[in-house]
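For this one, chain A is given, so just place chains B, C and D on it according to the hints.
Protein chains: 4
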Amino acid sequence: MPLTQEAQAEIDAARASARPTLRAVSEGMEAQLYTAHPVLDHGFVRVIDYMGDDSAIVQAARVSYGAGTKHVSNDEGLIRYLMRHWHSTPFEMCEVKFHVKLPVFVARQWIRHRTANVNEYSARYSILDREFYIPEPGQLAAQSTVNNQGRGAVLEGAEAARVLEMLKGDAMRAYDHYEAMLSQDGQQGLARELARMNLPANVYTQWYWKTDLHNLFHFLRLRADAHAQYEIRVYAELMCKLVADWVPLAYAAFADYRMGGVSVSAKGVEVIRRRLAGEAVTQETSGMSKGEWREFVEVFG
Amino acid sequence: MPLTQEAQAEIDAARASARPTLRAVSEGMEAQLYTAHPVLDHGFVRVIDYMGDDSAIVQAARVSYGAGTKHVSNDEGLIRYLMRHWHSTPFEMCEVKFHVKLPVFVARQWIRHRTANVNEYSARYSILDREFYIPEPGQLAAQSTVNNQGRGAVLEGAEAARVLEMLKGDAMRAYDHYEAMLSQDGQQGLARELARMNLPANVYTQWYWKTDLHNLFHFLRLRADAHAQYEIRVYAELMCKLVADWVPLAYAAFADYRMGGVSVSAKGVEVIRRRLAGEAVTQETSGMSKGEWREFVEVFG
Amino acid sequence: MPLTQEAQAEIDAARASARPTLRAVSEGMEAQLYTAHPVLDHGFVRVIDYMGDDSAIVQAARVSYGAGTKHVSNDEGLIRYLMRHWHSTPFEMCEVKFHVKLPVFVARQWIRHRTANVNEYSARYSILDREFYIPEPGQLAAQSTVNNQGRGAVLEGAEAARVLEMLKGDAMRAYDHYEAMLSQDGQQGLARELARMNLPANVYTQWYWKTDLHNLFHFLRLRADAHAQYEIRVYAELMCKLVADWVPLAYAAFADYRMGGVSVSAKGVEVIRRRLAGEAVTQETSGMSKGEWREFVEVFG
Amino acid sequence: MPLTQEAQAEIDAARASARPTLRAVSEGMEAQLYTAHPVLDHGFVRVIDYMGDDSAIVQAARVSYGAGTKHVSNDEGLIRYLMRHWHSTPFEMCEVKFHVKLPVFVARQWIRHRTANVNEYSARYSILDREFYIPEPGQLAAQSTVNNQGRGAVLEGAEAARVLEMLKGDAMRAYDHYEAMLSQDGQQGLARELARMNLPANVYTQWYWKTDLHNLFHFLRLRADAHAQYEIRVYAELMCKLVADWVPLAYAAFADYRMGGVSVSAKGVEVIRRRLAGEAVTQETSGMSKGEWREFVEVFG
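Chains as they are written, first to last, in my numbering: chain A, 13 to 313; chain B, 13 to 313; chain C, 13 to 313; chain D, 13 to 313.
Chain A extracted, bound-state conformation (with noise of 0.2 Å):
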């Protein structure tokens, strides 16, 4: 269970007390405010604040553009031909933040997107709760035999059971021994900042995680792809459903141009000509590696 009755019942109290604004307003985000939408088995992912919306991206726009934007007939258009042509800097214009429960491992890959504001929970100041990650079952997969970094098969019967039994058992015996060392009952306890090396990386922090809607589109494309680790994929499927919420049309256009878009070398642009004039290409008349031709037959068939 993700939070603990306490916390509940502070979201439930902030989610009671509507106050007047004069800002733009998300009705889709405002509902999703503060709610903790579980990942994992301890995770979570729940909506701080925002700053914008669909009409916030359409208004820098007009402010750049100025009368260049008026022969665009209405706000899907535009927001559609920002996202097609790269015009990041309207959607720089929305702001998120979120407050994310998740393991340790998964936050060493979400750190690597820099431009992000950042709060974690420090164990150098205070205790890690003992939580940890164990997949289920259905996720316990044997290393790719055709991809470096992929998974294969999901593993079964007494494999599974081996792998679960030392991810528990390692955690709480790592548990353990935090709680014994930082003690100071009968002994002095040492420093958190020392303890905490010993726990895995399955075990939970949590985080403040603050981005404009450009990077955070750039996250997801990355992290809701399906070559992305599994772990960190549910958030961001998670989070694609909170977007679609706050933005509707944003994430439209970001859905079809960049989640569902491919992106095609000039080869490819070559090849695709070729044969839409009717020549059959192989990938030794491609001029493409095996690699690259694998892969764009995946796309074009």
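Simulated from the structure, these hints should not be mistaken for lab results. The C-beta atom is built at its ideal place from N, Cα and C for all residues, glycine as well. Be aware that a few hints might be false.
Per label pair, the in silico range of CB-to-CB distance [to be verified]:
(1) C:Ala25 with D:His97: 28 to 34 Å
(2) D:Ala256 with C:Ile139: 33 to 39 Å
(3) C:Ala278 with D:Glu18: 34 to 40 Å
Quick look at chains B, C and D alone, frame taken from chain A:
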């Protein structure tokens, strides 16, 4: 006059229609939203949106430091502690978006602050207005004779008159020619992206500028400083007032530790200690260069 | 002429004195170091320093992916793989520093690329030269009638002559007055930080500009693009050549996947599949707007 | 021992083969290139590449300030002036790339410095080595009783022995199980991206880390500070020595104005003035809180 009647009507409408929100609300900032505060002869600053308030800073810090923050008695004490110890990330949890109208030469200084989101009016797409910054007589200063980048005494009499005449005359002629080149009346009309190159650096532009509170403080420390050029300083000074209304506790800490504070070098610390111990330190015995010593004495006597 | 004799002598001296280094060396870039390549009528680009080469990209990737990179047969294949899969961090391991002389209106576009280090000539401290960009007759284009930010046909005859006369005349007069205001001959002389505001946007400035290869590629993709304004595009095109000399493998991958590549939306992928399957898709049946369809057909016929 | 024989042979080979370059060369840094300097029990720092030297800082400043810098008599004076007046951009013109091996909990602090380029060894692609940070007895400190994030007295006797036994035992067991889960001997073998989650935060990782000198100074000021955690401080202290060899003038200015300098608040400036005027100021009459006063007295007595 900085705003057209039409623009003022839009502002009035926006200010008339409050909507409920569950987000953090800063009453001080709500009172400022959308209002155009005049700066210089044609410029303005107005707040378009904001995220967070003093409590949001505290809340983010408590996520980071957990129980470690409980011994600080109150929000003010914690905010001052964070500012004093350069804990910048909690201040990054607040965000603000301004609409600014400003001369191009001011915009060129301003844009050097890279950690911000910007949508500027594009003179490739649209046509700039006939508005130029002409200094008031009291700001028509001579080159400083002691400071390579500063101003000296105010120009007077015939010299002042000549300068004003040149600035005004050149601006008007440049704009006349800008319009003449753009005109499609009996001719093709030069491309806007070319015609704009004829306009001098005192022409007004405008932009949406969005940044977080930590980076805004950094901007304000440099640009509201007495050594900043007057024409950008008046923007920064106005923004200081707006920030004081938005996050009064954070602003007070900023005013004490940053705006009013000074950096003392290792040599300076040693000199202060020696002087407190009764020694009469001179530039020669201070280990400082003449320039350092002059600046040191300006602060500590 | 972009460089004074004195400046050229300095460059010649720098180019004459090689010193031993243990660092990665790019022979192609050594041959370019310090040389001022002319751009526009008074501008130039010259490489001041660089860090890394193609091997440095590969080396960084192998640190990240360890044994996972061993199956890629060679450096070229690995670099293409990294580019194709948007692995940006290895490209960030190369850095380059340019000295650029450019008109202010070009500098204003350029500076929007925030992930770079910049030292610009300061007109608060120093006096700008009498150098202005005046387009060649072939670049004196009319406003496009189909594109709000584009150029149309070249101006001809009397209109072209009038435009050139205005641009030249206003620039010269503005500079005459700039000098007259600054003069301390029989008067105080206006502060440099004020006098500069009289200069039009085609005056030349200069800066040191330093960035990493990933962000440089991003800059080049946008600014060497056919839709970029001519006056910045010529800088980008020249820099493309310098980068090709510096990191030939990375540049080739960039040319194929970014410069020559296209982004195809989810709708576009579907249309290509349908057409490859023999269907005659029209704008009406494509699900695309007219604008999207026009751009799609421009690429794929 | 931080490096394998094979790695040492590679370093020796790289150090043996100097090549000519026209770039700025720092003799002090050339002497450091590639050498692995041991840190902690298995870590190291080594310089992989650098761009620029003290002269590059001066050169960039002279581009910016033009004739305005000529009155400063020499490079040292100009560099000190730039540092004293927070002119950060000339320092950004130098760049350095390190290869660092470090425990994961140190890496997690380090990565919070966002303005840097990073390629970290990926445990999704590759298998981590059996190397864990185990503190020396002298670093096995108790939690501070006065500072929520600090260390107190060193643990002794049985408690110290118990802690070391737990840290070592848990690390070895976690690694045994990591290997057992990965093994494809008679079983499928768990995906590497999952198995890694069993490893504690004292396991070593490594990365290439590249940043500019201004941001490096910011990192060093925070991490070589006495309040930084010992395990990251030893890295920062070593890097300080490398930087002193690279850019001795800039480092000396940094040491004086940043590392050895202090920030004094407006209240602090007032107190110093009053004390210099002979007044005996106490915490009560200072206007400072108890915490501020304690920190103030620590510096100035």
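Hints versus structure:
1. A hinted range of 28 to 34 Å for the beta carbons of Ala25 of chain C and His97 of chain D is consistent with their spacing of about 31 Å.
2. About 38 Å separates the C-beta atoms of Ala256 of chain D and Ile139 of chain C, a value consistent with the hinted range of 33 to 39 Å.
3. Hint check: Ala278 of chain C to Glu18 of chain D, Cβ distance near 48 Å, so the stated range 34 to 40 Å is violated.
The structure fails hint 3 only (numbered hints given earlier).
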